[in-house]
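Q: Protein chains in written order, with the working numbering: chain R, 1 to 122; chain U, 1 to 172.
Read the hints as simulated data drawn from the structure, not as lab findings.
Be aware that one or more of the hints could be misleading.
Distance condition first, Cα-Cα at most 25 angstroms in a straight line; then the derived DSS-like pairs of lysine-lysine [to be verified]:
| # | chain 1 | residue 1 | chain 2 | residue 2 |
| --- | --- | --- | --- | --- |
| 1 | R | 25 | R | 56 |
| 2 | R | 79 | U | 2 |
| 3 | R | 117 | U | 2 |
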Amino acid sequence: MKKILSYLIIIFLFNSQAISKISNKDEIEILKNIRCLVCQGQSIADSNSDFAQTIKLVVKDKIGEGKTKKEIYGFLISKYGEWIVFDTQINRKNFLLWFLPYLSLFFGGLIIFAILKKKREN
Amino acid sequence: MKTNIIISFGLISFILLLFYFGLNNKNKYETSDLVGKKLSSFELKSLDEKNVFNSNTLEKNTFTLINFWASWCAPCRKEHEYLMLLKKKTGLKILGVNFKDRKENALEFLQTLGNPYYLLAKDHDGRSSVNFGIYGIPESLLIDNELNVIKKFIGPINFDNYKEIVKIINNK
Chain R
1 MKKILSYLII
11 IFLFNSQAIS
21 KISNKDEIEI
31 LKNIRCLVCQ
41 GQSIADSNSD
51 FAQTIKLVVK
61 DKIGEGKTKK
71 EIYGFLISKY
81 GEWIVFDTQI
91 NRKNFLLWFL
101 PYLSLFFGGL
111 IIFAILKKKR
121 EN
Chain U
1 MKTNIIISFG
11 LISFILLLFY
21 FGLNNKNKYE
31 TSDLVGKKLS
41 SFELKSLDEK
51 NVFNSNTLEK
61 NTFTLINFWA
71 SWCAPCRKEH
81 EYLMLLKKKT
91 GLKILGVNFK
101 DRKENALEFL
111 QTLGNPYYLL
121 AKDHDGRSSV
131 NFGIYGIPES
141 LLIDNELNVI
151 KKFIGPINFD
161 NYKEIVKIIN
171 NK
């Protein structure tokens, strides 16, 4: 039991270290999630435009400063608006976008249940 | 039967409403979200590299038009006449940020067309421009003495933009 616990603590510590540092793989993931504003649909990672080159430099700088993914996205969103990030953020404006499918599933399920129940009673 | 009709009608109305809002949604990039926000603190090197300008520099002006430009940018030539007109307006100062350009080319450009800028800064790799939400040139930001972004102009300033800026600075 003690061995399992110590293994778990070691694994947790290694993962914590991994989480606190953004790897090169993460940098590419960040760049793939940022929209090139001059390229109509391309990500910064895929684009060779002037704007994309600048953003690549800025993201590299922010990673060097020790910023997290969330902080980097937050910085770019504060400058360019939510449109710059491909992944839609969960906030008050986008609440319906995120939860409507689940709400539709739930209420749809309720309606079907009510209809079936009525049919059985009849 | 009645309940089913009401539920169906409600569902169809809801879906049509969603389509209405979705199709009316603007699908091109706009910066209206950024207007009204305060500029974060920044630092810009002067074109001759002798000085550094920061947000404190601009707080002394009633209004500042921060104009990102370059000598290689054709639309920048197009808007230059309006910048020269705006230079004459009291209460407005124009800070020029030379974007990804060579100093000698920038100075030649200003010598040929005139210099509307009270201060000339440079951003040789584009990094500083990101702090202002710039993604192409020419772009201009009209800010007040509290560094609030009043208006952002994407593309060359035209006659309508010029009139709008004059109206804003005269109304204060």
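Q: Against the structure, test the hints numbered earlier, and report the numbers of the ones violated in rising order.
A: 2
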